[in-house]
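Colleague: Each chain, letter by letter, is given below.
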Amino acid sequence: KAGVTQTPRYLIKTRGQQVTLSCSPISGHRSVSWYQQTPGQGLQFLFEYFSETQRNKGNFPGRFSGRQFSNSRSEMNVSTLELGDSALYLCASSPDGTPLDSPLHFGNGTRLTVT
Amino acid sequence: AQSVTQLGSHVSVSEGALVLLRCNYSSSVPPYLFWYVQYPNQGLQLLLKYTTGATLVKGINGFEAEFKKSETSFHLTKPSAHMSDAAEYFCAVTALSGGYQKVTFGTGTKLQVIP
Numbered sequence: 004k005a006g007v008t009q010t011p012r013y014l015i016k017t018r019g020q021q022v023t024l025s026c027s028p029i030s031g032h033r034s035v036s037w038y039q040q041t042p043g044q045g046l047q048f049l050f051e052y053f054s055e056t057q058r059n060k061g062n063f064p065g066r067f068s069g070r071q072f073s074n075s076r077s078e079m080n081v082s083t084l085e086l087g088d089s090a091l092y093l094c095a096s097s098p099d100g101t102p103l104d105s106p107l108h109f110g111n112g113t114r115l116t117v118t
Numbered sequence: 011a012q013s014v015t016q017l018g019s020h021v022s023v024s025e026g027a028l029v030l031l032r033c034n035y036s037s038s039v040p041p042y043l044f045w046y047v048q049y050p051n052q053g054l055q056l057l058l059k060y061t062t063g064a065t066l067v068k069g070i071n072g073f074e075a076e077f078k079k080s081e082t083s084f085h086l087t088k089p090s091a092h093m094s095d096a097a098e099y100f101c102a103v104t105a106l107s108g109g110y111q112k113v114t115f116g117t118g119t120k121l122q123v124i125p
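So the sequence lines, in the order shown, correspond to chains A and B. Sequential numbering of the first sequence, starting at 4, is according to this note's numbering. Sequential numbering of the second sequence, starting at 11, is according to this note's numbering.
Simulated from the structure, these hints should not be mistaken for lab results. Just so you know, nobody snuck in bad clues.
Quick list of simulated restraints, FRET-style, between CB atoms: (1) A:R76 - B:Q52: 18 to 26 angstroms; (2) B:K68 - A:Q44: 27 to 35 angstroms; (3) B:T117 - A:P64: 20 to 28 angstroms; (4) A:S82 - B:Q52: 22 to 30 angstroms.
No experiment lies behind these values; they were computed from the predicted model shown. Ideal Cβ positions, reconstructed from N, Cα and C, are used throughout, including at glycine.
Generate coordinates for the entire structure from the input sequences, incorporating the hints supplied.
Modeller: Here's what the structure looks like:
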């Protein structure tokens with residue numbers, strides 16, 4: 004099986020712009036979670052989608068949004084970019100009806116730099 | 011509510027020395043515990059997991075962890091460090107929240123291996 008695929012790998016944007024990141028989960032996985040990783044804050048949970056519905060949300064401003072499509076692929080969008088949004092954005096997938104001992108499967112991330 | 015504390019954001023060991031990375035958890039229910047490793051510019055990958063049963067868990071790359079309920083700990087060890095072990099390590103706990111899996115990550119420990 005192919006792993007979790009995130010595109011693009013690197014992105015450079017200017018303050019005020021918006022950006023869309025994409026994540027394709029492992030085939031058969033219906034849950035997709037997004038994380039922001041920065042040196043100062045570590046791994047911070049953004050949101051989780053399951054069957055096209057946002058099931059859980061972290062403590063981020065409304066500029067951060069996401070969606071999930073019927074094929075389980077997910078996108079996250081950040082509008083009105085700020086310098087502090089520079090980070091590695093990680094996507095993780097897990098199977099349907101996840102038992103608690105199922106690990107998350109991560110993509111390699113999208114490195115976003117805001118200038 | 012569950013939480014994870016990783017003691018030491020940076021740990022340095024000599025090549026061939028013992029690796030010990032500390033993780034303490036807090037959970038109101040029996041925990042499911044994980045260690046993940048992240049190499050530079052990559053996503054997280056599963057090292058090992060504890061569910062129920064044997065308290066000593068063996069993972070990939072010679073790592074193991076011991077679950078100690080009385081100490082609420084799940085420390086990660088490796089008898090002999092290798093240069094390739096240099097990475098960031100995350101402890102995580104999962105539990106049911108609102109009927110689905112919720113994952114809480116520690117702040118991570120960067121392991122430096124000195125030749």
